[in-house]
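A.B. asks: Spelled out, the chains give:
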Amino acid sequence: MFRFSLKAFAPSLIFDRLSAMTSQSQVGQFVAQPYKYGFVTEIETEKIPKGLDEEVVRLISAKKKEPEFLLDFRLKAFRHWLEIKEPNWAGLDYPPIDYQDIVYYAAPKQKSKKNSLDEVDPKLLETFDKLGIPLSEQKRLSNVAVDAVFDSVSIATTYKEKLAEHGVVFCSIGEAVKEYSDLIKRYLGSIVPINDNYFAALNSAVFSDGSFVFIPRGVECPMELSSYFRINSGDTGQFERTLIIAEEGSSVSYLEGCTAPMFDTNTLHAAVVELVALDDASIKYSTVQNWYAGNEDGIGGIYNFVTKRGQCRGARSKISWSQVETGSAITWKYPSCILQGEDSVGEFYSVALTNNYQQADTGTKMIHIGPRTRSTIVSKGISAGHSSNSYRGLVQIGPKAFDAKNYSQCDSMLIGDQAAANTYPYMRSQQPDASIEHEASTCRISEDQLFYLQSRGIDFEEAISMIVSGFCRDVFNQLPMEFAAEADKLLALKLEGSVG
Amino acid sequence: MICSDAPVLIEICDLHARVDDQPILNGVNLTIKAGEIHALMGRNGSGKSTLSKVLAGHPAYSVTQGSVRYCGQDLLTLQPDQRSRIGVFLGFQYPVEIPGVSNLEFLRVSTNARRLEKGQEELDTFAFEDFVQERLGLVQMDPAFLDRSVNEGFSGGEKKRNEILQMALLEPLVAILDETDSGLDIDALRIVSAGVNQLSNAENAILLITHYQRLLDLIKPDYVHVMAAGRIVRSGDKTLALELERNGYEWVDQGLKALGTT
Ligand SMILES: Nc1ncnc2c1ncn2[C@@H]1O[C@H](COP(=O)(O)OP(=O)(O)O)[C@@H](O)[C@H]1O
Ligand SMILES: [Mg+2]
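Residue numbers (my numbering), protein chains in the order written: chain A, 63 to 562; chain B, 48 to 309.
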């Protein structure tokens, strides 16, 4: 059984216990705990000027010394992007994004080729130390390999050699383009095509870096893999790209964490994640998203427009998404599964918490194509403050998906009387035998539940976080060990001051 | 057990409380000393549960007059969680369900909160399991209930046993048990009563809210009080309960009429 310290692994979750609340009326005045990862690293960066046109796309590609095929990929995507419109069906409310006011490439200045960690700027190592992700040989986590991405570039990946002994490849996308160009050619854009949607097209044109994972046939990845994304510059968009390929009979568990400094402007983050599972392969992808959410008045914060999709290409393959979404001013994200192989399985377990003026529109798509495909959706939305939190999910059963099964459960919890929760389940079935089950509920924390816990010596804040984490139990149970306990604490932290 | 020089644990003076604008408690007076067992009886709606919740600090009720002193301090200024930590316990008439929250973990957090207040060290999960196993015996509760969510799907009787288990873990100085006997079958009633008797000692006190003599046959009260229209209208020893069993509450109405309130 593996065991790792999440304190170190997911720094966004580190939580200082605040002194117990002494009076209920104090709660209303209680100022939310400041975001702990809001610091900026002073480091010389190489930035290209703001703005986006074909020249910028070419420049990014040139800076990364990319092969021709990738430049073509980017240009195609860019030309497509120019012709389409930003989607507005999610009903998210934000001022228009000025795409010419964004820097599309920023990289900390350092030697172009880093052969070892000794050559990485100590300031960068320090930053990740501070975030709780030590990268150096002596301090790094013993059973988690980490790819650390700072603004547009991957600065270090740990345990590469050890993984290589098992044939596992874990490196930055940039490196994979050079070393494993066949795999990149074959899979990049094959699950999320460049014309999939506005933000995916943008990402395909300007993506900077991200992680690449390849698990060869029959290999069970010997350790947890994780990427840690850090946005540092205020005016730089982050467009990372992740590709995970699990060959026949292989398995991997991958974790993703994110933080950003506090700026009073909004930063755009438009990532694309593609997963492919071949016959009997399984991929578990867990996310803890704690991008800066803006302040109590809704000023600043990350705009998070993400396309995540997994393809169960092989028979009996399985892809499982678990996410704990607590950050960002705006979240637009629908990790999906294309269940193509017969008997393949898709899962989506989600906790989304919004507070203050955050807006989240998140959910999943389960596309059943192959026979006897099964999917499970468990979504828990918690809305506090003036926030709005929507679940939007599609279950589609194609004509050949005989005996397909889906089970969906979408629960919302409202805290206070200014928050909003919505559920938009879409179901389309072309298969009369399919079994689709959908349950939904909305609740509030009741005064009597709170009083019950309080009358057993548990203080008000802790009572709230106990009830909320009880509400999220089904999802937390799906997270890797210890991760769940820390996720509890993150929720508690985020909720502080939300009830008065 | 009455002992005239025992310290006073709780002293309720002229307590008035309302919910919204509706007065419910209209001048309750009651003093409880260490070692005593008091029974509180009275018709449905007379204010017994309200009194217990006001003592525990339920936010829905506001105290408009009077005072409550507990071990020499003003109880009414304290938050509900502080009241619990210093030894006031309310066994609920209707314990609520809290989905997804592990009963075991809840009991542990709660027990540790009280232990810290008393200057005892916190129990880790292993030490707590030993402690809870020992206390489970007191109410003969199946350990399987520890692995479930707090009260979720428990039968009425199981919820009540869980309440007494909490009392056994928290070792309060004043335990208010609101109709703990309702919902219990004869065997369960015996077991729970035996548990409460074992927990009762010269340092603590119990306020039993009940409608039935059968409970008072098992847990013998030193005093019996009758509540009507939000105040205690009569107090006596255990023979008062027998008198109520025979004659019902009609005489209370007569008495209230004489007082000019109904
Ligand atoms: N939260 C409340 N809101 C409105 N009325 C209440 C509330 N709590 C108690 N009452 C009313 O106060 C009176 C006393 O209730 P309660 O204390 O539960 O009585 P008992 O426990 O003696 O049966 C009843 O008329 C009840 O309806
Ligand atoms: Mg009652």
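FYI, nobody ran anything at the bench for these hints, they're computed from the structure.
Glycine included, every Cβ here is placed at the ideal spot set by N, Cα and C.
Be a bit skeptical, because a hint or two may be false.
[To be verified] Partner residues are not named here, just some residues of chain A that face chain B (Cβ under 7 Å, in silico): (1) Tyr99; (2) Ile146; (3) Lys147; (4) Gln516; (5) Ser517; (6) Gly519; (7) Asp521; (8) Ser527; (9) Met528; (10) Gly532; (11) Phe533.
A.B. asks: Next step is simple, just say for each hint if it's right about the structure.
C.D. replies: Evaluated hints:
no., hint, result
1, Tyr99, "violated (28 Å)"
2, Ile146, "violated (42 Å)"
3, Lys147, "violated (42 Å)"
4, Gln516, "holds (4 Å)"
5, Ser517, "holds (5 Å)"
6, Gly519, "holds (3 Å)"
7, Asp521, "holds (5 Å)"
8, Ser527, "violated (10 Å)"
9, Met528, "holds (5 Å)"
10, Gly532, "holds (3 Å)"
11, Phe533, "holds (6 Å)"
Of the numbered hints given earlier, the model fails hints 1, 2, 3, 8; all others are met.
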